[in-house]
Amino acid sequence: MSLRRYLRRREWDEERQRELDAHLAEETADNVARGMTPDEARRRAYMKLGNPTMIREEIWKMNSFVSVEDLGRDVRYALRQLRKSPGFAAIAIVTLALGIGVNTAIFSMVNGLLFSSMHIRQENRMLEIGSRQKGTPWQPQFSLVEYEALHGQTSDVFSDAVGDAYGLDGLSMEGNKPDRAFTDYVTGDYFDVLGVQPYLGRLFHAGEGVTPGADPVVVLTYPYWKRHFAADPNVVGKHVLLDGHPMTVVGVTAKEYHGVNTALSPEVYLPLAMIVPIESTPLSEYNKPTNRNLRLYARLKPGVTKQQANATLEVVSRRLVAEQPVADKDIELASFPLWVGRNAGFDPQNAIGEVAWFFLGLAGMVLLLACVNVANLLLVRATVREREMVIRSALGAARSRLIRQMLTESILLAVCGGLAGIGLGLWGSHLLSSINLGTDLPLHFDFGFDWHVLAFSMVVAVAAGAVVGIVPALRLARANLNLVLREGGRGVAGGGHRFRDALVTVQVGSAMILLIIAGLFTRSLTQSEHAELGFNPSNVLTMMMDPGEIGYTDPRARDFYDQLLQRLRAEPGVKSATIAQIVPMGVVGNGGDAITVGGYQAPAGQSAAPVLYNLIATDYFSTLQIPMVQGRDFSAEDDESHPYAAIVSEAMVKKYWPRGDAIGRTFTMNSDPAHPLVVVGVARDARYQGFRQAMPPYFYIPFAQHYTGNSLETLEVRTEGDPGGMLPELERAINDMAPNLPVFDVKTLHQALYTPNGLLLFQIIATLAGVMGTLGLVLAIVGVYGVLSYVVSQRTSEIGVRMALGAGRGDILKIVYKQGMWIVGIGLAVGLAASFGIAHLLHSLIVVSPADPATYLGVSAMLAAIAMLACYIPARRAMYVEPMKALRMD
Amino acid sequence: MLIRSKKEQELLLGTLDMLILQTLVMGAAHGHTIAHVIEHMSEDVLQIEQGSLYPALHRLEDREWVSSFWGTSENNRKARFYKLTAAGRKRLRVETNRWESMVEAIGRVLGNTGRVVE
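Read top to bottom, the protein sequences are chains W and B.
In terms of numbering that gives the first Met the number 0, the numbers along the first sequence are unbroken and rise by one, the last being 889.
In terms of numbering that gives the first Met the number 0, the numbers along the second sequence are unbroken and rise by one, the last being 117.
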C-alpha cells in the first residue's frame, strides 16, 4: 500500500463506487435481458454482488494504516472512559505521579552526584589518583614531591598529570572589603589537560605555577565573574588583591565548567606556586614531602587501559617508597574514575553517591507500591467492566482489540501520570538542590534536569504504564467470556482474588520496609542529637575568619588574634573565648598526621594510622567545657621559646600509653620531626567526627607554637546568656580592630553540629526516608482499603444470604476482618524479614543497631493499627448490609 | 486454530487471484465480465461471490500484477477495465505451476487411498 494511495483514498473510494455501480448496472441489464422485471433484476444483482458499502469499506481499509487509525480511536475511547470516571482517573494519575516524581527527583540527585557532565573533554579518559599507606583508606592527598614523581614517570600511560589544591582567600578590588572566595591553586597545564576553554581572555599556560610568586595572575569562574564583577566584559587586565597580594585577572572559564567536584565549585583559579606568597606558606613547608594538600588528576593516553595505568602507578609508588622512606612509607597509588572521587573522596563508608543509590532503591519501592495500587484499581475496574467487554466481544470485537484498548487506557494513565510526575520530580529536585548545607562555604548541590534525568523518567513512566496495564489486560485475555455472560456479569470470580490479595501483601510488605528504614534513620538522628559529645554545645557562639584575607601575615595575624581574645574576654557577658582550627563536625581541615610515639609499635602489617588533632589557643577546654582529666591546660607560657606541648585525649592515652602514665611522655608528628611534643595534659574524649564509632585518639597543640601561615581560625566564645545576643558586641570588636576582615559561618556551636559532616546528613537522610515511608504507608493503606471495599461490594449478596440465615453483625465483621488480617499479617511478616536483611546492608550509615527493637516493634504496631483502621470502614459497611436489599440487588 | 484458518484463507485468496489473472490472459476486461467468465468457464461450478472480486482486483493492482483504466463496456457503459502486466503474467505461471503440482499430489494421494479402500 502506498502513501499516495493513502492520501488519495477518498478519491479512490469514489472511483470504487462508480465501478461497483457500473457492475450493478451491467448485472441488472443482464437480468432484465433474461426476462426479469426491473425491480427483481436490481434485487438479484445486489444479492449477487453483496453489500457495496462493505466492499468499499474493505478496500478503504486496504488503503489505510489500520493500526495507526485504531490507535487514534483507542486513545479517544480511553479518554472518554477516563472522563466518565474522573475520580478513578485522578487517583490513578496522582498515585503514578507520586511514584514517578519521587524516582525522578531521587534520580536527579544520583545523576547530579555521579553522572552529570563536568563539561571537560573526554571525561571518561580522565582519572583521579588516590594514595594510601597499606591498611588505611584511599586518600586524594599528595605532596609536591609525589606530584612531580607522577608527572615525570608516567608518560607511558598518561598524556599528562595535573594537580590542584583548594584554599579560601580574600579577593578584593583596591580599598574594598575583601570577599572570601573558594580558590583552587592549579598546575599550569590544568585547564589544557581537562580541556576547559576560556569564556573571556585566557586560562593558564603550562609554565605558570612552577616558580613561587612568579605568576600573579587570576582566572575567574563564570558564575563568580557574573556575581562579583557584574559580568564586566572588560574584566581581563583588571587588578585585584588576593589576601592583599596584587594580581591581574587574565580570563574567565567556560560558562558550564564548574570544577571536578560535585558539591565544591572553586570560584577563583590561581597558579599552583602562588600558594606560597598568598597563603604565606614557607617554601620549606610547600616542598615538604609530608605536606599533602594536592589532588592529582591524569589523562589516559589513547589506547591505554586503566589496568596498564595502575601497573605504572605501582612502579612509581615503589620508587617513591625507596626515595622517601619516611614520608612515603608503604605508600600505594591507584587511579579512580572521576565520578568516584567527585563526592566525598574514595572512602565508600561516607560516599554520598552510595547513599543516593540506596535512595533510588527506596524510590523504586515507592513506585512499585504506586504501580500495584493502580493495577489493583484497574483490576477492579476491569471486573466492573467485564459485562461491557463481554457484550462487545459478542458483537464481534476481537479479543486482541479489547486488550489493546485496555492497554491504551493504562498507557494513557501512565503518560498523564508521567508528565505530572516529571513536574513533581522537577520540583523535588529543586527542593533537594536548595537544601541548606549550613555553611558559608561555596558548598551546594545543583541537581539540574538534564537529558539523563528526562530519559530516566520517560523509561520509568513507560515501564510503570506497561506493568500497571498488563495485569488487567492479561486477566481479561484469559477470562472465559461465556462463563461471565452466564454468571450475569458477576465477575470472573475465584482465582482473581488471590492475585489481588498477593498484590496487597506486596504493598504492605514494601510499606513496612520503607517505614522501618525511615524509622532507623530517624532514631539514628535523635540518638546522635542526644549523643554524648564530650563537650557542651550550648551557649557557645562560633565564627570563622582569616586575617590572611586582608593581607595580615604571621606576626601581625597572631597579634590580631591575641588582642581580639584579650578584648573579648574583658567584654561583659563573655565567660571565656578561644580560637581553634577545627570545630566539631566542621567541614574545614579535618586533617591528621601520622605520629611516632617512643616505645609504641604499630601491630604488624599496619602502618601508623594518622591521628587527628586540633590547633587551639588558651581557654579552649573551659570554653567547650571539655574536662581535663590529668595535667594542665595550655598557658601563655607555651610559646615558641618553650618546649612544644600537647594535650592528648583519653583514647589516645589508652592506645599509646596503656599504663596511663602519659604526662611527661613525648611523641612527634611526622610532619615536624624536629619538635618532639611533650604531653602536659589529658582531656576527656570529645566527638569531632561521626556519632557511631568509638572516639578515636585525638590531641591538641597550642596555636602559639604551630602558627604556620594558615590563619583560618574559628573564634569560639562561651557567653553567660543567649549567645545570639552577643553577636553585635563581638562584631563591633572585630570591626574596630580589623575593619575589612570578613567574618563567616557565624552560628552557635549547637547549630554548627548540623553540617554535612555532622547531623545534617542524618537529618537529610531521615527526612527523605521519612517522606518515602509516609508515601509508602499512604499507598499501602489505600491498597488495603480499596481491595477490602471491593471484596465487600462483591460479596454483598453472600453477606445478605448469611445474614438472612441468621449470622449476626459480629460474624460478618469477623469474616471481613479475617480476610483483611490475613493479607496484612502476611505482608507484615514478609516486610519484617526483608527489612531485617536490608537494614543490615545499611549498618555503616546508621547509628542505632540494624535490629533496633524499638524501630521494628514501633513500626509493626503502627502499621498493624493503621491497617486495622483501613479494614474497619469496609467491614462496617458489610456489617450494615440490609439482607433484603442485598438479595434483590442482582 | 487461528494460524490454520489464516492459511486456508491464503490458499483461497491465491486461487481467486489465479483465476482472475487467468481470465485476463485473453485481454483486458472489467469486473462484471471477469465474474461471468469465471462462472461460465467453470460451467457454474465456481460460483464466486462477486463482492470478493473487487477487493481481490484491488490487491492485484496494488501488487502491480494488473493495471486498470476507465473504458467503455460492450453495452456502452463507463467501466473500469483491468489488464495483465508482465509481472502478472509471470505470477500466473508461478501460481499455475503451484496449483498443478498440488492437484497432482492430491490426486496421487487420493488414487492410493482409493486402491486401499477397494
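Certain hints may be false.
[To be verified] Cβ pair distances, simulated, as ranges:
id	chain 1	residue 1	chain 2	residue 2	range
1	W	Pro85	B	Glu63	44 to 54 Å
2	W	Trp450	B	Ala85	44 to 54 Å
3	B	Ala104	W	Ala397	27 to 37 Å
4	B	Ala85	W	Asp449	31 to 41 Å
[As the list claims (entries may be wrong)] Below, computed lysine-lysine pairings styled on DSS-like, alpha-carbon distance capped at 25 Å:
id	chain 1	residue 1	chain 2	residue 2
5	W	Lys300	W	Lys328
6	B	Lys82	W	Lys47
7	W	Lys574	W	Lys653
8	W	Lys47	B	Lys77
9	W	Lys60	B	Lys82
10	W	Lys133	W	Lys653
[What the hints assert, rightly or not] A short list of chain B residues far from chain W (calculated; beta carbon distances all over 12 Å):
id	residue
11	His29
12	Gly50
13	Arg58
14	Arg79
15	Ala86
16	Arg88
17	Arg90
18	Arg92
19	Glu94
20	Ser100
21	Gly110
Just so you know, these hints were derived from the structure itself, not from any lab.
Beta carbons are placed, not taken as given, at the ideal position from N, Cα and C, and that holds for glycine.
When the hints from earlier in the document are held up against this structure, which numbers fail?
Going through the list in order, the structure violates hints 4, 5, 7, 11, 12, 13, 14 and respects the others.
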